[in-house]
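J.: Top line first, the protein sequences correspond to chains A and B. Be aware that the first sequence starts at 1, since it is given in my numbering, and climbs by one per residue. Be aware that the second sequence starts at 273, since it is given in my numbering, and climbs by one per residue.
Where hints are given, some of them may not hold.
As the list claims (entries may be wrong) - Lysine-lysine pairs mimicking DSS-like chemistry, simulated, CA-CA at most 30 Å apart: (1) B:341 <-> B:470; (2) B:421 <-> B:493; (3) A:26 <-> A:198; (4) A:149 <-> B:470; (5) B:493 <-> B:341; (6) A:198 <-> B:493.
Stated by the list, open to error - For the chain A half of the interface with chain B, some residues (derived, Cβ under 7 Å), not all of them: (7) 230; (8) 234; (9) 236; (10) 237; (11) 250; (12) 253.
In short, the hints are calculated from the structure, not lab data. Quick reminder that beta carbons are idealized off the backbone N, C-alpha and C, glycines included.
Here is what each chain is made of, one letter per residue.
Number of protein chains: 2
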Amino acid sequence: MPHARISPESPIGIFDSGIGGLTVVKAVQAALPAERIIYFGDTARVPYGPKSQVTIRRYAREDTEILMKHQPKMIIVACNTVSALALDVVEEAAGEIPVIGVLKAGAELASRRSGSGRIGVIGTQATIGSNAYACAIQEEDPAIEVISKACPLFVPLAEEGFIDHAATRLVAEEYLAPLVASRIDTLVLGCTHYPILKSMIASIAGPGIDIIDSAEAVADKTRALLAAQGMLNPGTGAAMPHLLVSDLPQKFRELYRLFMGTELPDVELVGV
Amino acid sequence: MPHARISPESPIGIFDSGIGGLTVVKAVQAALPAERIIYFGDTARVPYGPKSQVTIRRYAREDTEILMKHQPKMIIVACNTVSALALDVVEEAAGEIPVIGVLKAGAELASRRSGSGRIGVIGTQATIGSNAYACAIQEEDPAIEVISKACPLFVPLAEEGFIDHAATRLVAEEYLAPLVASRIDTLVLGCTHYPILKSMIASIAGPGIDIIDSAEAVADKTRALLAAQGMLNPGTGAAMPHLLVSDLPQKFRELYRLFMGTELPDVELVGV
Numbered sequence: 001m002p003h004a005r006i007s008p009e010s011p012i013g014i015f016d017s018g019i020g021g022l023t024v025v026k027a028v029q030a031a032l033p034a035e036r037i038i039y040f041g042d043t044a045r046v047p048y049g050p051k052s053q054v055t056i057r058r059y060a061r062e063d064t065e066i067l068m069k070h071q072p073k074m075i076i077v078a079c080n081t082v083s084a085l086a087l088d089v090v091e092e093a094a095g096e097i098p099v100i101g102v103l104k105a106g107a108e109l110a111s112r113r114s115g116s117g118r119i120g121v122i123g124t125q126a127t128i129g130s131n132a133y134a135c136a137i138q139e140e141d142p143a144i145e146v147i148s149k150a151c152p153l154f155v156p157l158a159e160e161g162f163i164d165h166a167a168t169r170l171v172a173e174e175y176l177a178p179l180v181a182s183r184i185d186t187l188v189l190g191c192t193h194y195p196i197l198k199s200m201i202a203s204i205a206g207p208g209i210d211i212i213d214s215a216e217a218v219a220d221k222t223r224a225l226l227a228a229q230g231m232l233n234p235g236t237g238a239a240m241p242h243l244l245v246s247d248l249p250q251k252f253r254e255l256y257r258l259f260m261g262t263e264l265p266d267v268e269l270v271g272v
Numbered sequence: 273m274p275h276a277r278i279s280p281e282s283p284i285g286i287f288d289s290g291i292g293g294l295t296v297v298k299a300v301q302a303a304l305p306a307e308r309i310i311y312f313g314d315t316a317r318v319p320y321g322p323k324s325q326v327t328i329r330r331y332a333r334e335d336t337e338i339l340m341k342h343q344p345k346m347i348i349v350a351c352n353t354v355s356a357l358a359l360d361v362v363e364e365a366a367g368e369i370p371v372i373g374v375l376k377a378g379a380e381l382a383s384r385r386s387g388s389g390r391i392g393v394i395g396t397q398a399t400i401g402s403n404a405y406a407c408a409i410q411e412e413d414p415a416i417e418v419i420s421k422a423c424p425l426f427v428p429l430a431e432e433g434f435i436d437h438a439a440t441r442l443v444a445e446e447y448l449a450p451l452v453a454s455r456i457d458t459l460v461l462g463c464t465h466y467p468i469l470k471s472m473i474a475s476i477a478g479p480g481i482d483i484i485d486s487a488e489a490v491a492d493k494t495r496a497l498l499a500a501q502g503m504l505n506p507g508t509g510a511a512m513p514h515l516l517v518s519d520l521p522q523k524f525r526e527l528y529r530l531f532m533g534t535e536l537p538d539v540e541l542v543g544v
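Using the sequences plus the hints, can you model the full thing?
T.: Structure (structure tokens):
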């Protein structure tokens with residue numbers, strides 16, 4: 001019998017290639033403080049962005065299977081790269097529970113917000129190379145023009161803590177120049193790390209460009225989905241997220257603080 | 273019977289966490305043009321530098337086992353991170369054939385070259401955090417002072433092709449400032465990617481600092497070892513290296529050109 005052990009009290013499963021998906025955890029916690037969250041970060045194989053589709057799809061299946069052992073009521077794919085290249089793999093491994101990917105949520109919000117019909121998207125090499133954001137946005141509105149740009153250095157710069165650094169500004173100006181020149185009115189942050197650099201990106205983009213954070217978009221979509229299915233957790237307590245990782249490097253504690261703004265809780269190490 | 277199938281004609285096995293070890297392949301080819309080389313790059317799990325020792329040691333064993341299937345006459349660990357944290361694991365998995373790591377080769381050369389007894393070392397977070405270069409250098413000469421600095425952005429900057437970029441210069445000036453201030457006379461490039469940025473690093477370090485490329489050091493040590501064992505390949509033909517990778521991302525061809533200066537030959541995909 002499907003869903004035999006799934007109830008409104010079941011957790012929401014969220015996974016990402018690494019720690020970046022914590023921006024999604026934070027947004028879901030803010031939107032849905034009563035929900036239990038179980039998060040898996042594949043820190044042993046991070047990053048997915050520069051890797052091939054075949055490898056990303058294999059990892060996506062394994063990541064989903066790790067979460068499924070905890071009987072979540074739904075799965076959020078916090079990884080833009082997996083959302084772009086392997087969402088079908090996740091849906092298959094998730095069986096009958098719903099799956100939401102950051103990419104589609106961000107694409108939907110961007111197409112609703114854009115007035116001019118010119119949207120910029122930035123992300124990893126794999127996400128941009130897949131053209132998945134452009135396809136998802138044009139599925140919402142085929143008249144929208146999408147200008148995409150891979151920004152491979154943003155993740156390492158954010159993780160190095162070069163948030164407000166002159167080197168990051170130089171790199172960002174170079175990456176964003178073709179988007180600004182294309183007169184976009186909306187810019188999608190198509191990678192979970194990029195909200196860390198949001199204020200610098202916004203200052204280079206200028207006041208005429210609306211920045212879309214896919215983490216917030218996916219949190220809104222999650223609330224709507226759970227409400228429609230009568231699956232919102234009726235509780236009131238906001239428990240700490242249950243954290244699973246495939247590697248626990250020295251820097252993890254520092255990165256957790258960067259992303260979540262709080263101290264690292266207990267984490268569970270799982271094999272991949 | 274050990275070595276039953278090992279002969280001077282057997283290949284030299286070389287591995288790295290990714291494509292960076294090709295700088296070692298290039299140096300070995302230059303020093304020993306008659307040798308056959310089999311190279312494994314763990315492109316599905318790269319980078320190792322930010323990961324934990326437990327995970328790095330597991331990967332090191334698996335990488336060695338992949339090369340051992342090809343019956344090499346020796347193994348070169350081109351990965352500084354593995355050389356620092358898991359050389360014993362490689363030696364165990366390699367059985368009776370010799371193993372040389374870039375780290376010890378670089379440390380030996382640096383300690384021979386330094387006049388002032390003040391040596392700088394730069395590398396990934398894991399390599400520097402392990403303190404392995406400092407230990408290896410002080411094993412050569414306990415009086416030498418070693419000043420180390422992790423430079424996590426150098427690999428992504430090199431892979432993005434930002435070789436002569438103002439952002440790279442800003443980052444490099446910041447990373448190298450404490451080393452230059454410490455009046456070192458020798459600087460070890462403790463990561464296989466760093467030779468790509470050698471001229472910028474040298475220009476910031478200034479003419480008084482001798483730059484040690486561990487790839488060249490390991491090639492010299494390999495020649496001496498094979499000569500001593502009567503295991504130099506007597507042939508004359510310089511075959512292309514046999515390339516094994518665990519992932520074949522879009523960017524591989526471009527990166528191969530960056531590291532080797534030639535077009536990508538056929539590669540074989542292996543599972544990890």
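J.: If a hint holds in the structure, say so; if it doesn't, say that too.
T.: Hints, one by one, checked against the model:
| no. | hint | result |
| --- | --- | --- |
| 1 | B:341 <-> B:470 | violated (35 Å) |
| 2 | B:421 <-> B:493 | holds (25 Å) |
| 3 | A:26 <-> A:198 | holds (15 Å) |
| 4 | A:149 <-> B:470 | holds (29 Å) |
| 5 | B:493 <-> B:341 | holds (24 Å) |
| 6 | A:198 <-> B:493 | violated (49 Å) |
| 7 | 230 | violated (41 Å) |
| 8 | 234 | violated (39 Å) |
| 9 | 236 | violated (37 Å) |
| 10 | 237 | violated (32 Å) |
| 11 | 250 | holds (6 Å) |
| 12 | 253 | violated (12 Å) |
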